[in-house]
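Asker: Mapped onto numbering that gives the first Met the number 0, the consecutive letters of the sequence shown carry residue numbers 0 to 201.
Derived from the structure by calculation, the hints contain no laboratory data.
As the structure is a computational prediction, the values presented were derived from the model and not from experiment.
Check before you lean on any hint, since a few could be wrong.
Unchecked claim - Derived DEER-like restraints, expressed as beta-carbon distance ranges:
#1 Q150 to G195: 19 to 29 Å
#2 D81 to Q150: 14 to 24 Å
#3 H23 to A146: 12 to 22 Å
#4 G156 to P193: 41 to 51 Å
#5 V78 to G158: 30 to 40 Å
#6 D18 to P185: 41 to 51 Å
#7 K26 to A133: 14 to 24 Å
#8 D3 to S189: 48 to 58 Å
#9 A133 to P50: 40 to 50 Å
#10 R12 to A149: 40 to 50 Å
#11 E24 to S189: 31 to 41 Å
#12 K26 to G195: 37 to 47 Å
Positions of the beta carbon are idealized from the N, C-alpha and C atoms, including for glycine.
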Amino acid sequence: MPHDDLRDTAGRRYPAHLDVWPVHEPKDWPGAWWADWYNLPPPLWPLRLPPAAYERNRGYRDQRRAAERVRRDATVRWVAGDGRPPTAWRFVAELPDGTLLGELRAHERDPQLVYGDDLDWPRELVLDGVLVAAGHRRIGIGSRLVAAMAQRMEEVGIGLVRTVVEEHFGTRFLAACGFRVATGRPLAMSLQRPVGPVPRPP
0 MPHDDLRDTA GRRYPAHLDV WPVHEPKDWP GAWWADWYNL PPPLWPLRLP
50 PAAYERNRGY RDQRRAAERV RRDATVRWVA GDGRPPTAWR FVAELPDGTL
100 LGELRAHERD PQLVYGDDLD WPRELVLDGV LVAAGHRRIG IGSRLVAAMA
150 QRMEEVGIGL VRTVVEEHFG TRFLAACGFR VATGRPLAMS LQRPVGPVPR
200 PP
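Generate coordinates for the entire structure from the input sequences, incorporating the hints supplied.
Answerer: Structure follows, in structure tokens:
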């Protein structure tokens with residue numbers, strides 16, 4: 000990105016051959032080792048953030064430039080006509096050549112099946128999952144998929160979406176997209192069945 004107007008803490012220009020970007024929060028700076036692990040308020044940041052950052056490693060610079068191209072060229076679309084019922088939602092993020100970058104799936108839930116009465120409950124949505132291909136994460140693909148889902152919810156008159164998250168990163172991602180922890184605490188359960196023939200005891 001053009002960085003002629005960026006200066007370091009001593010007022011000097013950054014090297015012209017490097018890709019320099021402004022630092023607004025810890026995740027913008029590679030030196031912020033705590034950004035991915037600790038959600039610290041600014042007064043508790045271990046290091047002072049610089050006004051801008053850059054990457055000297057050519058391999059990392061190429062990866063960052065490739066990520067910028069993917070972010071610029073990626074599109075999100077609603078998938079219809081693939082045999083799913085109309086209550087099953089699917090969005091995909093892809094490049095112009097058809098390369099699949101990510102996918103979001105959800106389904107509408109009838110509250111009458113949950114609450115067992117004949118009241119006119121508002122429609123609800125259950126988010127089944129958001130997946131982004133390895134190598135294309137942390138560049139905004141997942142948030143664009145969630146934004147597309149939210150826009151369609153508004154269009155069809157659905158005001159609530161529920162989901163269950165297992166991993167800490169998934170919790171942070173959905174929180175950044177506007178999700179909040181629900182009052183109910185679901186219990187994670189699993190059923191494991193044997194695969195293949197089961198040996199009989201002697």
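Asker: Does each hint hold? Answer for all of them.
Answerer: Results for each hint:
1. Checked against the hint of 19 to 29 Å, the C-beta distance between Q150 and G195 comes to roughly 45 Å, which is inconsistent with it.
2. Taking 14 to 24 Å as the suggested C-beta distance range, the pair D81 and Q150 conforms, at roughly 20 Å.
3. Here the CB-CB span from H23 to A146 is close to 20 Å, well matched to the stated 12 to 22 Å.
4. Take G156 and P193: their Cβ atoms lie about 45 Å apart, and the range 41 to 51 Å holds.
5. Here the CB-CB span from V78 to G158 is close to 23 Å, at odds with the stated 30 to 40 Å.
6. Range check, D18 to P185: Cβ separation about 44 Å, and the 41 to 51 Å hint holds.
7. One distance hint, 14 to 24 Å for the beta-carbon pair K26 and A133, holds here, with the actual separation near 19 Å.
8. Evaluation of the 48 to 58 Å hint for D3 and S189 yields a pass: the beta carbon distance comes to about 56 Å.
9. Checked against the hint of 40 to 50 Å, the pair A133 and P50 fails, with Cβ atoms roughly 32 Å apart.
10. A hinted range of 40 to 50 Å for the beta carbons of R12 and A149 is consistent with their spacing of about 41 Å.
11. Restraint check, E24 to S189: a C-beta distance of roughly 37 Å satisfies the suggested window 31 to 41 Å.
12. Taking the beta carbon of each, K26 and G195 are about 46 Å apart, inside 37 to 47 Å as hinted.
Going through the hint list in order, the structure does not satisfy hints 1, 5, 9.
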